[in-house]
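So the protein sequences, as listed, match chains V and W.
Counting from 1, one number per residue, gives the positions in the first sequence under the numbering used here.
Counting from 224, one number per residue, gives the positions in the second sequence under the numbering used here.
Fair warning: there could be bad hints in the mix.
Pair by pair, the computed Cβ-Cβ distance ranges are [to be verified]:
id : chain 1 : residue 1 : chain 2 : residue 2 : range
1  : W       : Asp-323   : V       : Ile-207   : 46 to 52 Å
2  : V       : Pro-71    : W       : Leu-322   : 42 to 48 Å
3  : W       : Asp-323   : V       : Leu-164   : 43 to 49 Å
4  : V       : Leu-65    : W       : Glu-289   : 39 to 45 Å
5  : V       : Lys-209   : W       : Val-288   : 27 to 33 Å
6  : V       : Lys-209   : W       : Asp-323   : 51 to 57 Å
7  : V       : Ser-114   : W       : Phe-292   : 50 to 56 Å
As a list, the in silico EDC-like pairs of lysine to aspartate or glutamate whose alpha-carbon atoms are at most 16 Å apart [to be verified]:
id : chain 1 : residue 1 : chain 2 : residue 2
8  : V       : Lys-89    : W       : Glu-287
9  : W       : Lys-306   : W       : Asp-236
10 : W       : Lys-246   : V       : Glu-74
11 : V       : Lys-75    : W       : Asp-294
12 : V       : Lys-89    : V       : Glu-74
13 : W       : Lys-279   : W       : Asp-234
14 : W       : Lys-246   : V       : Glu-15
15 : V       : Lys-79    : W       : Asp-294
Because the hints were derived from the structure by calculation, they are not lab data.
No residue lacks a Cβ here, since even glycine has one placed at the ideal position from N, Cα and C.
Here are the chains, one letter per residue:
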Amino acid sequence: MKQMLRMSDNADILELEQETYRYSMQDGLTEIFVGLGLIIIAWMIESQDIRSYGFFSSPVIFILLIVFRTPILEKLRRKVTYPRIGYVKVRQDEPSQPVTVVLLFVLAISAVVSLALVLIPSDIPIYDTLWKYFQVSLGMLMIPASFSLVEKTGDRRYFAFGLLGVTTGLIFALLEFEPPMAGIVLYLLGWGVVIILVGLTTFIRFIRKHPIIEPDEVEASEQ
Amino acid sequence: MSNDEDTRSPDIDKLIHEPARLKIMAQLYVVESADFIFLMRRTQLTWGNLSSHMSKLETAGYIEVEKEFVDKKPHTILALTKKGRAAFQSYRKVMQQVLDEIPE
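Construct the entire structure; sequences and hints are all you get.
If you want it as structure tokens, here you go:
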């Protein structure tokens, strides 16, 4: 009876949806791809010199990653994830109102600060200031990302991820780097490596925790 | 219509009301589609049990079953139909109504 009461409640349907999302994402593959993306962006920023190898190859690799991320992930999941925990296609809802509000708020702050940086006269070259500000902006973008993750998973620990993003962005902006863009490269590289490590650890734990289920075997053991 | 009929609780969908099928319907309600292994893991039902409940839900038109082959192995994907989604929503509404009628 208790279960039936639960299922008639909107809050519990939301809880089940969040639980299902967490269940479907427990392989750590998404984190590995996000980390890779951040490292490639760092490489793109670092490769400003037209003579460098990365000047042409890093944007190409980044575009390839964006275009082929979904089919590669799907192929990997068919091989590794689905035989262990089953296949599920979660619902892809539009971002909710609170997430959109946070995103718009962050974008509005970014726009105002950018304008102020350009308009307010200063002895510091605008180029240097903008690189520093770029780090904080990237950190701030982690706030709507963390809001969205909390909403999808129901796990409030993701707020810490947004907070850490902003804090590390601010710390990197306060430090002196030569050239100034080295700060943002290190920031992205650092986050990329951390997220990949989290993804790899999650992936190894997932493989160990969930053995492959052969449907034929289960079916046969039932008969 | 008599007064008795007016105050009577609406009918509960018996097909969904069975605990195992309720679990399956709720799980499929929150996703677009899923396969047998996923549902087995999430509902803790055995293969045989799941198959039998699936057949009943499919016969009622609440779920649709799509069979495909992946690496020469059969793979069954299940999803709620529009009718199934509507039936589950209506079931939840009815259950909520029933609960509201219970005195504090």
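Hints and how they fare:
1. W/Asp-323 and V/Ile-207 have their C-beta atoms about 47 Å apart, which keeps the hinted 46 to 52 Å range intact.
2. Taking the beta carbon of each, V/Pro-71 and W/Leu-322 are about 46 Å apart, inside 42 to 48 Å as hinted.
3. In this structure the supplied range 43 to 49 Å holds for W/Asp-323 paired with V/Leu-164, their Cβ-Cβ distance being about 44 Å.
4. V/Leu-65 and W/Glu-289 have their C-beta atoms about 31 Å apart, which leaves the hinted 39 to 45 Å range violated.
5. Range check, V/Lys-209 to W/Val-288: Cβ separation about 29 Å, and the 27 to 33 Å hint holds.
6. Taking 51 to 57 Å as the suggested C-beta distance range, the pair V/Lys-209 and W/Asp-323 does not conform, at roughly 42 Å.
7. Distance hint for V/Ser-114 and W/Phe-292: a CB-CB separation of about 54 Å, consistent with the stated range 50 to 56 Å.
8. Between V/Lys-89 and W/Glu-287 the alpha-carbon distance is near 15 Å, which keeps this suggested pair within the 16 Å criterion.
9. Restraint check for W/Lys-306 and W/Asp-236: the C-alpha separation of about 13 Å stays at or below 16 Å, so the hint holds.
10. Straight-line distance between C-alpha atoms of W/Lys-246 and V/Glu-74 comes to about 27 Å, which puts the hinted pair past the 16 Å bound.
11. Using a Cα cut-off of 16 Å, the hinted pair V/Lys-75 and W/Asp-294 holds, with the two alpha carbons roughly 12 Å apart.
12. With a C-alpha separation of about 11 Å, the suggested pairing of V/Lys-89 with V/Glu-74 holds against the 16 Å cut-off.
13. Our distance criterion of 16 Å between C-alpha atoms is broken by W/Lys-279 and W/Asp-234, whose separation comes to about 19 Å.
14. As the CA atoms of W/Lys-246 and V/Glu-15 are separated by approximately 14 Å, the hinted pair is consistent with the 16 Å bound.
15. Between the alpha carbons of V/Lys-79 and W/Asp-294 the distance comes to roughly 10 Å, so the proposed pair stays at or under 16 Å and holds.
Of the hints listed earlier, those the structure fails to meet are numbers 4, 6, 10 and 13, in rising order.
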